[in-house]
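Novice: For the protein sequence lines, the chains are Z and C, in the order given. Residue numbers for the first sequence follow this note's numbering, beginning at 1 and rising by one. Residue numbers for the second sequence follow this note's numbering, beginning at 1 and rising by one.
The hints are simulated quantities; they were obtained by calculation from the structure and are not laboratory data. Computed from a prediction, not measured in an experiment: that's the story for all the values here. Don't be surprised by glycine CBs; every beta carbon is placed ideally from N, CA and C. Hints are supplied without guarantee of correctness; some may be wrong.
Stated by the list, open to error - Think about it this way: if two alpha-carbon atoms lie no more than 20 Å apart in a straight line, the pair counts; the simulated PhoX-like pairs of lysine-lysine are:
| hint | chain 1 | residue 1 | chain 2 | residue 2 |
| --- | --- | --- | --- | --- |
| 1 | Z | K238 | Z | K56 |
| 2 | Z | K134 | Z | K150 |
| 3 | C | K199 | Z | K21 |
| 4 | Z | K100 | Z | K21 |
| 5 | C | K428 | Z | K238 |
| 6 | C | K360 | Z | K21 |
| 7 | C | K360 | C | K199 |
| 8 | Z | K150 | Z | K56 |
| 9 | Z | K419 | C | K361 |
To be verified - Quick partial rundown of chain Z residues pointing at chain C, CB under 8 Å, derived from the structure:
| hint | residue |
| --- | --- |
| 10 | Y231 |
| 11 | L331 |
| 12 | G349 |
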Amino acid sequence: MGNKLTTSEIVAAGLARRRRKETTFRLLGILATAVGVLFLGVFFATLIAKGASAFKQTFVQLEITLDAEVIAPGGEIDLEYADFDGLVRTALRSRFPDAKSRADRRELYRLISVGAGYQLRDLVASNPDLIGAKQSLWVPASSDVDMLLKGNIDASVEEALRTMSDKQIAWVESLENSGEIRSEFNDALFGNGDSRDPELAGIKGAVMGSFYMLLVTIALSFPIGVAAAIYLEEFAPKNRWSDLIEVNINNLAAVPSIVFGLLGLAVFINWMSLPRSAPVVGGLVLTLLTLPVIIIASRASIQAVPPSIREAALGLGASSTQVVFHHVLPLAMPGMLTGAIIGMSRALGESAPLLMIGMVAFIVDVPGGFTDPATALPVQIYLWADSPERAFAERTSAAIIVLLGFLLLMNLAAVIIRKRMERKW
Amino acid sequence: MQSTTLILLLTFMAVAAFYFGRRRSLATVGGPGHRMDLHSLPGYYGYYVAIWCALPALLLLSAWLFMEPRLVVALVVQGLPESYASLASGELDLLVNNIQNLASGDVVSIEVDPELQAAAAMFNDYIGKSRQMLAGLALGVAVLGGALAWRRIQPDLRARNRVEKVIRLLLIAASSIAIFTTIGIVLSVLFEAILFFRKVPVSEFLFGLTWSPQTAIRADQVGSSGSFGAVPLFTGTLLITAIAMFVAVPVGLMTAIYLAEYSSSRVRGIAKPLLEVLAGIPTVVYGFFAALTVAPWIRQFGESVGLAVASESALAAGVVMGIMIIPLVSSLSDDAINAVPAAMRDGALGLGSTRSETMKKVILPAALPGIVGGILLAVSRAIGETMIVVMAAGLSANLTANPFEAVTTVTVQIVTLLVGDQEFDSAKTLAAFALGLMLFVVTLCLNVIGLSVVRKYREQYE
């Protein structure tokens, strides 16, 4: 009898081990949660560390003579063919007379962006009186100079291994010492379309492309989505057909987005011969992509309207259509709007289907309509991420910050609508 | 007339029709004082007339705009001189394209001769005439429809019922778009895939071990046939999916368990929305992060322990994809865990088991079907994910299980085959659709199974 353990003794013997297991399990849980949160922290930290500097751009001050001989050779101002770059180069040569050989001069010219010539042209175009005068102008530096000053080019490595020569670095230092170089807010990033030169590349074209696309998407997907949700919740008879639609919608919500791109390519571009790279086609594809999201959200918010509202309206003699449009729909609207905004924010971040329908083209002009060739903001990020230049990596991060900013605003709007207009029954 | 102006005009006419219809309905009973004599509210008579005014005209407009390009092209081709009649269909398409470009004043790829010039002029002429006819017809139909409806207004016309019938039809049309989308996906992918399988046998596509879709321009070049064995793509997809699941499932599941059972409501209030943020980040951003931050880290780490890691490794893409999927796994697991009745949990705790024992021995087994369903959905998501792998996984179709090497996936190949210029008769372009078909079928199966498991399970305890 004596050597047999009682139940409570067995339990007590295992207790320490079980408590240890309990603690380990709990720690694992904390660890798992921390992984997600930690990733988010690292993600935003690296993003901001990489991208923040792109909002600043380096400018160089030059004394440029707007030579009448060059700009207006025969007395007529020749904006198209006048050698504005030449004027910039002349100014550079007079600032650094020590650059004598052709090789030196070529290196010298590389300090200034090709955008300087365009800037001069625009200046002359808007103010022809300046011709002949000497102007002190701040022109954009090339992306190499920009990277050097932002600390992305290490001057201490061997000359052959970096993109800037010793001479160029010396020139930049001399400009720096005399205060002829400064860092300003990067207007080009927000005001320009895409460009091969990082210092001139901007996201305006992509933002406008996304804007037109989302306009098409919301104009189509919100009414259609709400109508479909109303039908399925309020009118659909319980039969095979309704079940089929329901299963379909749930499945469509989980179909990979790239498959929608294939659909867009085959149907909208090949079969309907709509223009390639156009926001209207992108909008159509994104409509099909976001419809399930909006339908599911709208159905949930229709379900949340209590039946007593419907019964009261029916009891007062309203037809079933009147019940829906006069009572259920207004009460379900906040939830539907929230769903629509969330669908839109998904559409804004989507890029894979857009690659299929040709919205990856390199497009410099800012699109001005629904059929102009355009890219979208996430596609622009994809394109820039592929570029080898350091300066583009910085701009990619900046574009991502802008994109996440838009998404944040949209989600905030959704939260605010929900908080403001939500009703508890 | 531009079609947008036409639509605006029709809208305006519909508004006018509403006004007239409403006024006539009141007039038939002798003024607003007698409105109770009408079958429906006066507004419904207005809508009735407006619908008859706008709807037929809009249907005509869309049908016309759909048919117009085909008809005009056929007419122009018919009008071409004899010398063009013998062209093959591909060359003819090119010619038509050029005529269209010439007509709209765009850049043309061939020399412009007077005959082409004439064809372009003819094209513009036909389009102009067609637009004139369309405008006349559409406005005529609108006026006619509106007038007929207007004349039919009588006090006992059941206007509300008719308007509601139209509304009902519109609602049904809206809800069947989901069906049409699915049909559209299936047909568009299937047709091109069948064309592909005529050129490349199905068995070679499904079981072939080499993937090199580059077909040569000239027939006598080396490797001119291309080879379309998709097995390396399938293994690459599986490898990356496996890595992603290896990250997402334990982390997502443990997160769900911790947040559901252990954490204080304060921690849950902070951690849950933060994890939701992970789900909201666009995939292209994850791709950028995988390619430019995580991949270099992994390579550095590999170098420091003496491993050769490719700069575009399966590992980087898989890990980042796993992190992206964490919220999906954790929210679906959370649903499954919360659906287990409290009585089971309370019973286990009451018998003296610790919380982790309750979880491992009671709740998780009970919630397992739901969790598995959720994992299936996550797998389908990982297989279909595109941007992360396009940016971080690389293009080389290696048949390998080594996560440090570059692999390629089905989605990456679809993108690379279809971005840029395409011709729809080459096996290379069509291959993308065959891959798309595979992708659609596989993800569809996973989704159907996953969704039905999740739903069935949810009902089980309700």
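Novice: Can Z:G349 be said to touch chain C, with a Cβ gap under 8 Å?
Specialist: holds, 3 Å
Novice: Regarding the pair C:K360 and Z:K21, is the alpha-carbon distance no greater than 20 Å?
Specialist: holds, 11 Å
Novice: Against the 20 Å threshold, does the CA-CA distance of Z:K238 and Z:K56 hold or violate the hint?
Specialist: violated, 61 Å
Novice: Would you check the hint for Z:K150 and Z:K56, treating anything up to 20 Å between C-alpha atoms as holding?
Specialist: holds, 9 Å
Novice: Close enough to count: is the Cβ of Z:L331 nearer than 8 Å to one in chain C?
Specialist: violated, 18 Å
Novice: Straight-line Cα separation of C:K360 and C:K199 no greater than 20 Å?
Specialist: Outside the cut-off at roughly 53 Å; violated.
Novice: If you take the shortest Cβ to Cβ gap from Z:Y231 to chain C, is it below 8 Å?
Specialist: holds, 4 Å
Novice: Within 20 Å, alpha carbon to alpha carbon, are C:K428 and Z:K238?
Specialist: violated, 46 Å
Novice: Would you mind confirming whether the straight-line C-alpha gap from Z:K419 to C:K361 stays at or under 20 Å?
Specialist: Not satisfied, since the Cα-Cα distance of roughly 40 Å exceeds 20 Å.
Novice: Hey, Z:K100 versus Z:K21, does the alpha-carbon distance stay inside 20 Å?
Specialist: At roughly 78 Å apart (the allowed maximum being 20 Å), Z:K21 and Z:K100 break the hint.
Novice: Are the Cα positions of Z:K134 and Z:K150 separated by 20 Å at most?
Specialist: Violated. Z:K134 to Z:K150 sits at ~31 Å, over the 20 Å cutoff.
Novice: Need the status of pair C:K199, Z:K21: alpha-carbon distance at most 20 Å?
Specialist: Roughly 60 Å between the alpha carbons, so the hint for C:K199 and Z:K21 is violated.
In summary, the numbered hints that this structure violates are 1, 2, 3, 4, 5, 7, 9, 11.
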